[in-house]
Amino acid sequence: MKGRDVRAIVERDLRPVRPLWPPSRRALALLPLVIAVVVGVPLLHYFRTDLAALGFVRSWGLSVVESLAGLAIIALGLREAVPGRALRAFALVIASAVGLALPLVIYRLTTETFNVGPLSWSQWRFGMACFQTSVFAAVPVLLASAFLTKRAFPTRRVVTGILWGLGCGLIADAGLRLYCEFTTLPHMVLEHFSAVVASMLLGVVITGVIAKPPR
Amino acid sequence: MEAYLNGRIEAFDAVYEALAARVRRFQLSLCRDASLADDLTQETFLQMHRSRRTYEPGRPVTPWVFAIARHVYLMHRRATARRLRFEAAVAADARSNDTTRDGAQALTDADHVRHALRDVPADQRQALLMHHVHGWSFAEIATRLGIRVNAAKTRAFRGIRRLRGHLSRRSGRGAKADLR
Numbered sequence: 001m002k003g004r005d006v007r008a009i010v011e012r013d014l015r016p017v018r019p020l021w022p023p024s025r026r027a028l029a030l031l032p033l034v035i036a037v038v039v040g041v042p043l044l045h046y047f048r049t050d051l052a053a054l055g056f057v058r059s060w061g062l063s064v065v066e067s068l069a070g071l072a073i074i075a076l077g078l079r080e081a082v083p084g085r086a087l088r089a090f091a092l093v094i095a096s097a098v099g100l101a102l103p104l105v106i107y108r109l110t111t112e113t114f115n116v117g118p119l120s121w122s123q124w125r126f127g128m129a130c131f132q133t134s135v136f137a138a139v140p141v142l143l144a145s146a147f148l149t150k151r152a153f154p155t156r157r158v159v160t161g162i163l164w165g166l167g168c169g170l171i172a173d174a175g176l177r178l179y180c181e182f183t184t185l186p187h188m189v190l191e192h193f194s195a196v197v198a199s200m201l202l203g204v205v206i207t208g209v210i211a212k213p214p215r
Numbered sequence: 001m002e003a004y005l006n007g008r009i010e011a012f013d014a015v016y017e018a019l020a021a022r023v024r025r026f027q028l029s030l031c032r033d034a035s036l037a038d039d040l041t042q043e044t045f046l047q048m049h050r051s052r053r054t055y056e057p058g059r060p061v062t063p064w065v066f067a068i069a070r071h072v073y074l075m076h077r078r079a080t081a082r083r084l085r086f087e088a089a090v091a092a093d094a095r096s097n098d099t100t101r102d103g104a105q106a107l108t109d110a111d112h113v114r115h116a117l118r119d120v121p122a123d124q125r126q127a128l129l130m131h132h133v134h135g136w137s138f139a140e141i142a143t144r145l146g147i148r149v150n151a152a153k154t155r156a157f158r159g160i161r162r163l164r165g166h167l168s169r170r171s172g173r174g175a176k177a178d179l180r
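Line by line, the protein sequences are chains S and F.
Numbering of the first sequence is given in my numbering, commencing with residue 1 and proceeding in unit increments.
Numbering of the second sequence is given in my numbering, commencing with residue 1 and proceeding in unit increments.
These are calculated hints, taken from the structure and not from any lab test.
Misleading hints may appear alongside valid ones.
Claimed, not checked - Derived list of chain S stretches under chain F, where covered just means 3 residues or more per stretch with a C-beta under 8 Å from a C-beta of chain F:
#1 5-14
#2 18-26
#3 183-190
Stated by the list, open to error - A few chain S residues that don't get close to chain F, going by computed Cβ distances all over 12 Å:
#4 58
#5 59
#6 61
#7 65
#8 68
#9 81
#10 82
#11 101
#12 105
#13 128
#14 205
What the hints assert, rightly or not - Label pairs and their computed distance ranges (CB to CB):
#15 S:158 - F:90: 48 to 54 Å
#16 F:91 - S:25: 50 to 56 Å
#17 F:85 - S:24: 39 to 45 Å
#18 F:35 - S:197: 45 to 51 Å
#19 S:189 - F:11: 50 to 56 Å
#20 F:18 - S:197: 43 to 49 Å
Quantities reported herein were computed from a predicted structural model and do not represent experimental measurements.
Even glycine gets a Cβ: it sits at the ideal position worked out from N, Cα and C.
All chains, full assembly: derive it from the sequences and hints.
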């Protein structure tokens, strides 16, 4: 193909286009959906009965922190999906590590106060509803983020998927922890944290499917 | 770049003019093939055009275009590797089919030869097998059978001629059967 062939194709196809918003602004567009998920999960079920005893900071405060962290990581994923704005390896590792560590830190902060629920690791089936609720709660944010990713041009699809999938998982978990009052470590890791990881993997799979180079 | 996003072809020309040579050098440094570098450069500009809305106004154009160029090269390399794997698999498959066919053909041929040998007279068949299969000399055959050397040669020769005749008739029938 010669340069003039490319020019002919471009000329035939050329029409004004509106550039995408910056990644942070696109992530902020998800804010109403994030609020709906965080508040919707306990509203659809019930708020945990120990909410008052836990205190505002440890209940709502930590959920807000977790959902904002999720939103920030989604923004990083959307940034990663723009050519030339890929994250450096160090930033990528830090973002993923913080994203994965944050729910564990939050569980730990909550577990110090209460110790309700299955105490043994073998009781993983008890409370599977939490895993399912978390994954289902993540679906709306996953779909919206997938739409935003599809409109961009992710050159590193796995990295992009990891980031926005992890962000969606954190947002769903922020809502789930306002509903689930089990606070034992086995339950938190096997049901809640595994749901965050599952959401991250879903992000990778979905990005692999939807994010083909523009044709 | 903003003018290009607004749909002006002259703006595309300007971007192409400014970056084509650098993109080509970049592709050449990656693939080390001048002709392929030309193709990848054109593909880069096509891909740039298709994804032009991902450009953020106000940001430098070069990193954006070079990220696309690198992606185009990696996609090409992946596609090539996939094609080579596919071709290797097809070649291996063809080799395996050939081996199977050769084996089957050899069995069929041996069967035909056995059948044709039955039609060769016993004295000629004996001389033929002793010479052509077991590798005996005509003098050894003559001594063993108690005949002259020339007689041994004649029996082996006539046996071969008859065998060849049987085989050619059989292969002719086989070919006709195949045609039907």
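Structure-based check of all given hints:
1. Figure legend: the segment 5-14 of chain S, annotated as covered by chain F; annotation consistent (8 residues with Cβ-Cβ distances under 8 Å, at least 3 required).
2. Evaluation of the coverage hint for the segment 18-26 of chain S: fulfilled, as 4 residues show C-beta separations to chain F shorter than 8 Å, against a requirement of three.
3. A count of 0 residues in the segment 183-190 of chain S with a Cβ less than 8 Å from any Cβ of chain F is obtained; the coverage claim is therefore unmet, three being the minimum.
4. Listed as a non-interface residue, residue 58 of chain S keeps its Cβ farther than 12 Å from every Cβ of chain F; the least gap is roughly 39 Å.
5. For residue 59 of chain S, the condition that its CB be more than 12 Å from all CB atoms of chain F holds, with the nearest at approximately 38 Å.
6. Residue-level check passed: residue 61 of chain S sits 34 Å from the nearest beta carbon of chain F, beyond 12 Å.
7. With a closest Cβ-Cβ approach of about 29 Å to chain F, residue 65 of chain S is found to remain outside the 12 Å limit, as its non-interface label requires.
8. Residue placement check: residue 68 of chain S keeps its beta carbon more than 12 Å from all beta carbons of chain F (closest about 23 Å).
9. Not every CB of chain F is more than 12 Å from the CB of residue 81 of chain S (nearest about 8 Å), against its label as outside the interface.
10. Consistency note on residue 82 of chain S: stated as away from chain F, yet its beta-carbon is not over 12 Å from all of that chain's, at 5 Å minimum.
11. Consistency note on residue 101 of chain S: stated as away from chain F, and its beta-carbon is indeed over 12 Å from all of that chain's, at 30 Å minimum.
12. With a minimum CB-CB distance of about 34 Å to chain F, residue 105 of chain S clears the 12 Å threshold, and the non-interface call stands.
13. No Cβ of chain F approaches the Cβ of residue 128 of chain S within 12 Å, the least distance being about 39 Å, so the stated non-interface status holds.
14. No Cβ of chain F comes within 12 Å of the Cβ of residue 205 of chain S; the nearest lies about 19 Å off, and the non-interface call holds.
15. In this structure the hint that residue 158 of chain S and residue 90 of chain F lie 48 to 54 Å apart at CB is violated, the actual value being about 29 Å.
16. Checking the proposed 50 to 56 Å range against residue 91 of chain F and residue 25 of chain S shows it holds: the Cβ atoms sit about 52 Å from each other.
17. Evaluation of the 39 to 45 Å hint for residue 85 of chain F and residue 24 of chain S yields a pass: the beta carbon distance comes to about 41 Å.
18. With their beta carbons about 46 Å apart, residue 35 of chain F and residue 197 of chain S fall inside the hinted range of 45 to 51 Å.
19. Between residue 189 of chain S and residue 11 of chain F, the C-beta spacing of about 55 Å keeps the proposed range 50 to 56 Å intact.
20. Judged by the Cβ atoms, the range 43 to 49 Å given for residue 18 of chain F and residue 197 of chain S holds: they are separated by roughly 45 Å.
Of the hints listed earlier, those the structure fails to meet are numbers 3, 9, 10 and 15, in rising order.
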